[in-house]
Every structure is written in C-alpha cells, then in structure tokens.
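Listed here are the chains, written in short residue letters.
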Amino acid sequence: MTPAVLEIDASPTTVRLLDAGPLTDAHAEAWEKFQSLPVPARTDEHWRFSSIKALDLSAYTAPQPIDDTTREELLARSTGLAASAGRMVFANDTLLRREVLADTLRQRGVLWLPLDEAMRNHGDLFRSRFMREDAILGGAKFAALHASQARAGTFLYVPRGVEIDLPIEAFHWLTGEGGSIFPHTLIVAEAQSKVTFVDYFESPESTAGFACAVNDLWLGDGAQVTYVCAQNWSGQALSVQINSTVVGRDATAKALTVNLGSRYARSESVSHLRAPGGRSDMLAVTVAEDAQEIDQRTFQIHEAPNTASDLLYKNALDDSARTVFSGLIRVSPGAHKTDAYQKVRNLLLSDEAEANSLPGLEIEADDVRCTHGATSGQIEDEELFYLLSRGIPLRESQRLIVYGFLEEVLQRLGSEPIAEKLSALLHAKFDAKH
Amino acid sequence: MSTDTLDIDRTRGDFSYPEQHTFDAGTGLTHDTIDYISGVKGEPDWIREFRHKALDTFLAKPMPTHWASHDLENIVFKNIRYYLANAQKPKRSWDDVSEDEKRTFERLGIPEQERRFLAGVEAQFDSEAVYSNIKAAVGEQGVIFCGSTEGLKEHPEIFRKWFGKVIPTGDNKFSALNSAVFSGGSFIYVPPGVKVKHPLQAYFRINAENFGQFERTLIIADEGSEVMYMEGCTAPKFETATLHSAVVELVAMKGAKIQYITVQNWSANVFNLVTKRAIAHEEAEVKWIDCNIGSRLTMKYPGVILKGRKARGEVISIALAGDGQHQDTGAKMVHAADETTSNIVSKSISLGTGRATYRGLVHIPKHLKGCKNNTECDALLINSTARTDTYPAITVRGTGNSSQHEASVSQISAEQIFYMMSRGLTEAQAMSLSVNGFVNDLVRQFPMEYSVELKRLIDLEMEGSVG
Amino acid sequence: MNALEIKDLHVSIGDKEIIRGLTLTVPRGEVHAIMGPNGSGKSTLSKAIGGHPDYVVTSGTVRLDGVNILDMAADARARAGLFLAFQYPMEIPGVSNANFIRAALQARLPDGEELEATDFYAQLYAEMDKLEMSRTFTARSVNEGFSGGEKKRNEILQMAMLKPKYAILDETDSGLDIDALRIVSAGVNAQRGPGLGALVITHYQRLLDYIVPDHVHVMVEGRIVRTGGKELALELEEKGYDFIKESLTTV
Numbered sequence: 003m004t005p006a007v008l009e010i011d012a013s014p015t016t017v018r019l020l021d022a023g024p025l026t027d028a029h030a031e032a033w034e035k036f037q038s039l040p041v042p043a044r045t046d047e048h049w050r051f052s053s054i055k056a057l058d059l060s061a062y063t064a065p066q067p068i069d070d071t072t073r074e075e076l077l078a079r080s081t082g083l084a085a086s087a088g089r090m091v092f093a094n095d096t097l098l099r100r101e102v103l104a105d106t107l108r109q110r111g112v113l114w115l116p117l118d119e120a121m122r123n124h125g126d127l128f129r130s131r132f133m134r135e136d137a138i139l140g141g142a143k144f145a146a147l148h149a150s151q152a153r154a155g156t157f158l159y160v161p162r163g164v165e166i167d168l169p170i171e172a173f174h175w176l177t178g179e180g181g182s183i184f185p186h187t188l189i190v191a192e193a194q195s196k197v198t199f200v201d202y203f204e205s206p207e208s209t210a211g212f213a214c215a216v217n218d219l220w221l222g223d224g225a226q227v228t229y230v231c232a233q234n235w236s237g238q239a240l241s242v243q244i245n246s247t248v249v250g251r252d253a254t255a256k257a258l259t260v261n262l263g264s265r266y267a268r269s270e271s272v273s274h275l276r277a278p279g280g281r282s283d284m285l286a287v288t289v290a291e292d293a294q295e296i297d298q299r300t301f302q303i304h305e306a307p308n309t310a311s312d313l314l315y316k317n318a319l320d321d322s323a324r325t326v327f328s329g330l331i332r333v334s335p336g337a338h339k340t341d342a343y344q345k346v347r348n349l350l351l352s353d354e355a356e357a358n359s360l361p362g363l364e365i366e367a368d369d370v371r372c373t374h375g376a377t378s379g380q381i382e383d384e385e386l387f388y389l390l391s392r393g394i395p396l397r398e399s400q401r402l403i404v405y406g407f408l409e410e411v412l413q414r415l416g417s418e419p420i421a422e423k424l425s426a427l428l429h430a431k432f433d434a435k436h
Numbered sequence: 080m081s082t083d084t085l086d087i088d089r090t091r092g093d094f095s096y097p098e099q100h101t102f103d104a105g106t107g108l109t110h111d112t113i114d115y116i117s118g119v120k121g122e123p124d125w126i127r128e129f130r131h132k133a134l135d136t137f138l139a140k141p142m143p144t145h146w147a148s149h150d151l152e153n154i155v156f157k158n159i160r161y162y163l164a165n166a167q168k169p170k171r172s173w174d175d176v177s178e179d180e181k182r183t184f185e186r187l188g189i190p191e192q193e194r195r196f197l198a199g200v201e202a203q204f205d206s207e208a209v210y211s212n213i214k215a216a217v218g219e220q221g222v223i224f225c226g227s228t229e230g231l232k233e234h235p236e237i238f239r240k241w242f243g244k245v246i247p248t249g250d251n252k253f254s255a256l257n258s259a260v261f262s263g264g265s266f267i268y269v270p271p272g273v274k275v276k277h278p279l280q281a282y283f284r285i286n287a288e289n290f291g292q293f294e295r296t297l298i299i300a301d302e303g304s305e306v307m308y309m310e311g312c313t314a315p316k317f318e319t320a321t322l323h324s325a326v327v328e329l330v331a332m333k334g335a336k337i338q339y340i341t342v343q344n345w346s347a348n349v350f351n352l353v354t355k356r357a358i359a360h361e362e363a364e365v366k367w368i369d370c371n372i373g374s375r376l377t378m379k380y381p382g383v384i385l386k387g388r389k390a391r392g393e394v395i396s397i398a399l400a401g402d403g404q405h406q407d408t409g410a411k412m413v414h415a416a417d418e419t420t421s422n423i424v425s426k427s428i429s430l431g432t433g434r435a436t437y438r439g440l441v442h443i444p445k446h447l448k449g450c451k452n453n454t455e456c457d458a459l460l461i462n463s464t465a466r467t468d469t470y471p472a473i474t475v476r477g478t479g480n481s482s483q484h485e486a487s488v489s490q491i492s493a494e495q496i497f498y499m500m501s502r503g504l505t506e507a508q509a510m511s512l513s514v515n516g517f518v519n520d521l522v523r524q525f526p527m528e529y530s531v532e533l534k535r536l537i538d539l540e541m542e543g544s545v546g
Numbered sequence: 002m003n004a005l006e007i008k009d010l011h012v013s014i015g016d017k018e019i020i021r022g023l024t025l026t027v028p029r030g031e032v033h034a035i036m037g038p039n040g041s042g043k044s045t046l047s048k049a050i051g052g053h054p055d056y057v058v059t060s061g062t063v064r065l066d067g068v069n070i071l072d073m074a075a076d077a078r079a080r081a082g083l084f085l086a087f088q089y090p091m092e093i094p095g096v097s098n099a100n101f102i103r104a105a106l107q108a109r110l111p112d113g114e115e116l117e118a119t120d121f122y123a124q125l126y127a128e129m130d131k132l133e134m135s136r137t138f139t140a141r142s143v144n145e146g147f148s149g150g151e152k153k154r155n156e157i158l159q160m161a162m163l164k165p166k167y168a169i170l171d172e173t174d175s176g177l178d179i180d181a182l183r184i185v186s187a188g189v190n191a192q193r194g195p196g197l198g199a200l201v202i203t204h205y206q207r208l209l210d211y212i213v214p215d216h217v218h219v220m221v222e223g224r225i226v227r228t229g230g231k232e233l234a235l236e237l238e239e240k241g242y243d244f245i246k247e248s249l250t251t252v
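Residue numbers (our numbering), protein chains in the order written: chain R, 3 to 436; chain E, 80 to 546; chain X, 2 to 252.
Just chain R, with the same shape it has in the complex (with noise of 0.2 Å):
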C-alpha cells in the first residue's frame, strides 16, 4: 500500500464553532437550516429523558490544525485490524495518511475517496446520495450542521458485484481543547456487493470537544454491508452521531456501535426497509461510567412487504452513568409479513446508575411479526456466587459476567478478528476502573 498525505486544510483555530458559517458557498443553504432550525427541548418525544443541557455548543471552536508532533503521535496510534482492505486517518478533520485499496479493487470500480475528493472528481456520483435522507429522530439541527462542515470522512462506492472481502477502515482523532470535527461515512453499495466497514473513534487524550458524526450506507439490491463503529471519545467529549441506512430488495445490513466515550454521546440510527426481502441487523454495545450519558435513538421502519429487522442493545451502567434508549419500530400500512424484533437490556452496576428504556411499536398492517422486550436489572446474586464458588475473585467474577452480558452483540457481528479488536477497546475501559 502506498501511503498518501495531502495538504493540510490551515483554518484559523479561534473560530468560534457558532460564528464559523458554511464551509464554501455550497454549505451554505445547511448552514442557514441549523440556524433556523430551534435548539432540542425535552417536551419533544425525540429528547425525552436527554440532558438538554449538554448540547450547548457556544464553546466549541471549529476544527483546529494539526502539528507535526500530534500527527506523528496519532498517526503510530492508529492501529486497527491486522489485515484490512484500506485505511484511512483523520484528525481533526484533516486527512493525515491514507493506505489505499488494492489495485485489483480499483480496477474493477471500487471508489473509496476522502470527501473533498470525491465531491471534486466525481460530484454527481457525491451528490445524489449525499445527507439524502432526512435526520428524522430529532437531530435535524446537528445533521444541518454536519451538512454545512462536512469536509473530512470517506466516500465508498462498490460497484455491482464486487465483493471486498477484508474491511476497511477509517480511523477519526479529535484532539485539542474544544475543538469540533465533523466526520462523515457514505457508503453505497450497488446490487451483489458486499463489503465491511469499520470507523474508529477516537481522542489521544482527555480533552474536551465536540464531534459530530453522519453515516449513511445505501444498499443496492442483493448488497451485504457491515458497518461497525467503535465510539471511543474522550469521557469528556460531547458527541452526536446520525446514521441512516437504506435496505434494497434482499439486502442485508448489518450495523454494531460500541459506546465507551464521550460525556453525553447522542446517537440516532435510523433503518429503511425500503423493498421486500431486506434484512437490517441493528446491535449497539455501551460501556457507561462515571457521570457519562449514553442517548440512543432507533428507528426500524418497513416500508415494504417480507422485510425483518433485529435490533439488539444492550448497556452495562456504572457509577451515576445514564442511559437512553428510544426505539421505534414502525410498519408502514401494506408492509405484511414484516418480522421485526427489537430488544434493549440494562446491566445496572451501581445504586447511582439509571435506565431509561421507550421501546416502542407502531404497526399498521396485520399480517406481521412484531415483539419488543426491555429489561433491567443487575449482576444476580446467584451468577454471581456460581462464579465465587469456584474460587474466582469478585471483581474478575463481575467482570466475566458483564464481559459476558456484552459479547453476545459482539458475536452477532460474526467477524471474530473485529470482535476481538472490540472485546479489547470494551475490556480496557472496564478494567481500568475495576
């Protein structure tokens, strides 16, 4: 592979976030929705039980540049998979290295570009499946935002047929104090294809600043996408995340989030079975600790007939950590034999820690197979003493029974190597607090 440095982007770092405006002429029409648009109150259904409060954006700065020293630094810290098909490197939303696909791959019309290269060489391509769906679970106002400074991130493109077999990844620092970074993952995968996507998340050090995350994966019809995204912010980072994905005929979507970061994370993930035979897979890992608040909002929405989603949450809470969970599935009227499933557990692990579960069904056609479950509660006594009767210590027994509670979402991925990169980022949060 051959690596590939461009220029840094040297912005002004004083910008106040709030005052920085769009990005060029074209952003311009976003930035206009996210002043219009109001701030989110909790009256509204999208922000009930959220801590308002942590939106306040008035602090930040737009995306600050990046010295030698940090890149360097970043650069030796960006170890992802063993093998992988492709990585790229952000920080700050500055592209620092990017190790391309094979050339096999790009020979048979696999684009996989940073965005400003994609929307300078291959604009309409860009365009039309560019932020086309609308944030419809409250995050309106952070999407026109993402919308109006969205220059770092990738594009990938997998034509018709063409499967990539290792994943490829793209790693996104946020460093600095109060800076924001606005990463962006548009993946549009035509008919057959099948690739597997892996964004990392990530600041160097404990510093507080702002992300704002858009992912969205088009499937074609046959397509099989994985997306994971390993959300490891600093504890005291602020940090919205907007997916959508759009589920083609016999399409099969498959997307995991591990939540370890962040002081408020705010994550909308919303699946469109948009033609019969599609399949979205929606599972979710948090670790919560300390005062961290973990908001996740779902959406499975049939819009068309012999569809089947399956979404699984589940979040370990400790300290006075917080979590929301509000999720919808929704049958649109003609959408028969839908099977959709949504579950959400809480592992509460301490007296300070709180659960908010709004598992939710809307279903407006009869012929379907519909269920949801919430459940919270805590380590049982009896596991635990099972554990202890054989002579393994108390915390080591807490830990392999919450390690437990959480590697069956892992395992639904069904990729061991990125399970296991997971299992590690997941066990080092936990272990360096028990």
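Note that these hints are calculated values from the structure, not bench results. Each statement offered as a hint is correct.
Within a straight-line C-alpha distance of at most 16 Å, the following computed EDC-like cross-link-like pairs (lysine to aspartate or glutamate) qualify:
1) X:K8 / X:D72
2) E:K445 / R:D321
3) E:K451 / E:E362
4) E:K333 / E:D301
5) E:K445 / R:E354
6) E:K120 / E:E229
7) E:K336 / E:E361
8) E:K386 / E:E362
9) E:K232 / E:E122
10) E:K140 / E:E152
11) E:K336 / E:D301
12) R:K345 / E:E455
13) E:K451 / R:E382
14) R:K196 / R:D167
15) E:K448 / R:D383
16) E:K336 / E:E362
17) E:K386 / E:E302
18) R:K435 / R:D321
19) E:K448 / R:E382
20) E:K181 / E:E98
21) R:K345 / E:E485
22) E:K448 / R:D353
23) R:K339 / R:E364
24) E:K132 / E:D111
25) E:K252 / E:D150
26) E:K170 / E:E229
27) E:K445 / R:D353
28) E:K276 / E:E219
29) E:K448 / R:E354
30) E:K132 / E:D250
Since the structure of chain R is provided, determine the placement of chains E and X on it from the hints.
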C-alpha cells in the same frame, strides 16, 4: 310514556329518553357556570374556590396533543353542557326514582344485579346520582358509600383530607376540567379491618346530547380493609360529540386491598378522557381492571403510586378499538418505596380502522431496593387497516431493582379461522372465538357477571367487522 | 486433621432456622453420603458451606484441614480447596466454558504467574473425553442451553479441572437418565482417592449404587439423625424416610 319514543339500536346502551332537566347550567363554560353548579349544590366556600381555581388552570393548560391524538382538538368546549340534573338528592328506593331514569337502569339490568350480588349501588344519570343505596349489613360495619356531593356534605372530615391529594388539579388539562365542574361519582370509606364481601357498583349513564359528564370518585380503604368497586358506563349514540371526563382517586392505607373494575361501553361519539390514580401505602394492594370498549377516543392510564414498603400495584387492561375508534390506554407505576412490585398486563384488539395505543410509565427511582416491575402488552390486529402502537417509558435506577417489559403484535391466523369454519362456524363466529381466546386469561380475572357481559360486548363489536 | 469438619452448625435463611446443630466429619480420602427427605435442609447445608450470602451461619464451625472457613468469602473457600457441584448449575451467558474454567484456575495461581494455555487445553480435552463431552462445549457459554445431563457433566468437569480437596455434590443425580448417571458417577469415581473427601447429597439411593459411599448419614429437620455404612441407604430405600421419622418420635 310509551316505548315508541325510544330509539333502540343493536347495542343495549343505545337508547335515550326525552330530556326534562330541573337544573341546567346551560351551554359553555365560564366562572358563572361554576357559580351555578356550586350554588345549586349548596357547597361550602372552599369547594367553590377550588372549582374556580381549577377552571383557571384548565384554561391556562394547553391541549396535551403531543402526547395523544389530534382528535382532541375537535372538542368544542363552548358547545358542551356542563351540568344537567333533575334533583339534588339520590333516592334510596328504586320506587322513588323517576320513571324514565328507573327504566333506563332497568334496561341496563342494574336493579336486578343489585338484588343478586351487589353490596351497594349508585346510579348516576347525567350529572347526579338518582339512586344510591347500600345494603344495611354493610352500612352497619361503618362503610360509607354515597355520591361525591353527599360525601362532601356528610363526611367533610374524611372527604377533605383526601380529595385532590392523589390527583392534583393541575395534573393534566382534563383533571383540571373535572376539578372545575365535577358532579356525581362515588365516595367510599371502608373502616379499618372491614372486608366488604360483595362488590359496590356504580353506573354512569349519559342521556343528554352535547353533554359532559364529570364524575369524581374517591375511595379510601383504611388499614387492613378490603373493597371491590365496579363501574359501568354507557351513552346513547348521538350525532354530536359527548364528553366524559372523570377523576378517580384511590387511597389504600396500610395492608388494605382495593380492586377497581371498569367495564365501559361508550357509544362512538364519546370522548372519554379519564384520570385514575391510586396511592398504595405499606403492604397495600391496588388492582385496576380496566376494560375499554367503544368511545371515539379514550385516553386513560390508571396508575398506582407505591408509597409504602411492599405495596403492590396492578393494572389489567383490555381495549377493543372498533372501526374509527382510538383506544389510547395504558398504565403508570411509580415506585416510591422498597420492595414494591407492579404488574401490568395489557391486551388490545384493533378492528376495521380502529387504533389501539398502549402508553406506559414505570419509574423506579433513587436508592430503592427490591422493586420489581413486569409489563406485558399484546396487540391483536383484525384487519389490514387496523393499527396498534406501544409506547412504554421505563426508568430504573440502582442495583437492587428490576424491570421487564415485553410486547408483541399478532393477528388471527387464516389457518385458525379456516379450521373453525370447516367445522361449520361462520367467519364472524370464528373471529369472535379467536378474539375471546386472546383475552380469555384476562377476562377470567373479572367477576363472573362482568366477564359474561364482556364476552357479549366483544361479540357485538366483532359482528360487522368481518368481511 | 485432614478433614472437612462441621461442628454444631446452625444456619438460617431470613428468620427461619434450617440447619439446627449439625455435626459431621468427612476425612480426606473418604466418601460420605447425606440422605434425607425433601425439606430436611440438605441443599441449605451445601450452600452454607459454600458461602452463599443468603445462608446465615448463626453458630458452629466449618473447618477445612483445621482452618475455619466461615469467615472467608465464597471464592476464598473455593481456593482453599472446596468444591460445590450445584443441584441447579447457573447459566452464564457470553462467558465461554473454557474461559470460565481458565479464570478459575488462574485465580489459584500466585500473582504474576500465567496459566500455560497448551497444558490447560490438553488437560481440559482429556477430562472432557472421560465425561464423553463434545469439544464444542469449550466454546459454548457456561451451561447456557445445556441439557440437564450436560450441566451435571459440566459440574464434574469443573471439579476434575479444579482438583478440590473436598467436594460437595448436591443432588448430582437429579434430572439424570441412567446413561448420564453412569457417566457422571464414573467421572466422580475417577477422582476418588486419598486426596479427595467427598460429601454426596442425595434423595435417592440409586446414585449410591454408582458412587459407593464409605458412610451414610441421614438428615432430618436440619440434623444428622443416623449414621451407618452403605447398607443404611438400602434400608432407607426399602422402608422410606417415614421409618426414620417414626423412630425419632418414639425416642
């Protein structure tokens, strides 16, 4: 009066008698309306003041449309009549009740049920109870069972202590409305240790068009006592909207048990917007059994505040949303003490273009230990145009508590219907059997007399929904 | 003394006393059986010795090779050499059987010492073969989705791997068909020897045809009321527990 003045339809409640009201507050709602109602009832100043304040609250509060159907916006408050009555004091004997009113309740089977199995009956016709009686043996145990107007006058020391304490005026727009114009409803006090063997029953009948019924019920079960209360409701089918907006407050003192059973069969023009809540003290048990059939829009979420250690709350709910109807029902369980448990079982059936919505709230806050909630919601969809929604909100804090929520949506399988039809049942009969099977485990929790009634109502609703 | 010594043990659950002055000594190298009717406190005894926090020892002592274990937490007791085979083994979702046993063995090593993986697996597979367990059980979550017989075999597998000095087998025969009973018993018998003292708790004599005890104790209402050789089990099987109860009331 001859029977040809009646207009009878297929449902038992759909008939009405010509109106002839001695007391009529007129149409629309102002502070004058309040003064009229309070004056007619001869109420003490504190209640009059309470009503005026409540009216201000009602006017100030916005419609809860984000939380419910936009159909609420179709209620025209200025077209509604808020108080209609013929007399101020209920009769103790059916012989003294006016002919129309007596015949109304006879057709609904109330006096017969009273003879057969009830410990006491109160029958409300529009705004006031026309009949109220309690079996002598029950009264001798110190049990008080009368209308809210009477309770306020005769037992102010108990009434005032609890009135408006479980559901404050400003709880929601409709509790404020009720607090402003309430009339009728039941007042029950069961002394410590008294276990009322047979149910007490109230029947709420709307007879007049463009009318709003605002009964107010307050039940206090003192330490270690037990009581079962049943309410039935009907109204004739009018062209215009009728409003029913009750407030029901229950207080179960230490170790007391209250069962509150509702079988409503409103006609499809009724907006039924009811606030029901209980406080359960230490080791007390409150069980709401709620069956919602009919109405244009029902919004009702019976709740229990589990205030004392080991208190237990339960909501058993059956909702049948017929064509064009919206049953927006659910439950609220607020855990406020250690080792409290709550259980919610909700089953709904949506027919035609009917919509059944479950809204739930479970709250296990702070450092409580040993609290448990279990919630099950099952929805059955009969037609492709029917709709069902489930919106629970569950908050659990700490390591000593647990909650479990499950919901499912299903339909009656075509195979099942075919099997029954191949044995000679009509499609409607097969459907009715299946629907009854779906709710059977809940229906069995009703007293026998009510479960029979319920099955009949379900059969009636199912007729005409098939094909 | 190398023995599991229980002296005048009293155990309560909540306000209720279940074990009421039980005394019993199981020397290393011997197998003792406790039989008793339902509700006599057999399972309470095993949980209390194991250190379950719900079972409160109000008086008495339990010593392992002379060391009082009652002040120890459950895990410390296990590391001191005690093993409890559960009547109803718990399912631990997401924790693989191999990792679980490994963690238990690792906990027995001094700080900084790592378990040797190759040896571990070699030993694990060898023990699994003895119990006729498929290799797939190493990767499966502990007891999750296991049949009753598979769970019991898994208990004996753990016992074989952890090599306790004393084992309490709580109704290990319950829910087993005859083939599973044979395999499980063979697994226990293979571990018999001078290094192991075992207390086999059972309701039925059947198990004792396979795991032949050196001594049999009869437990009624929280006490040992009779002690004898293995023939006592047969007598009980023949005459039933009522016979013991009657003989008690006549005394």
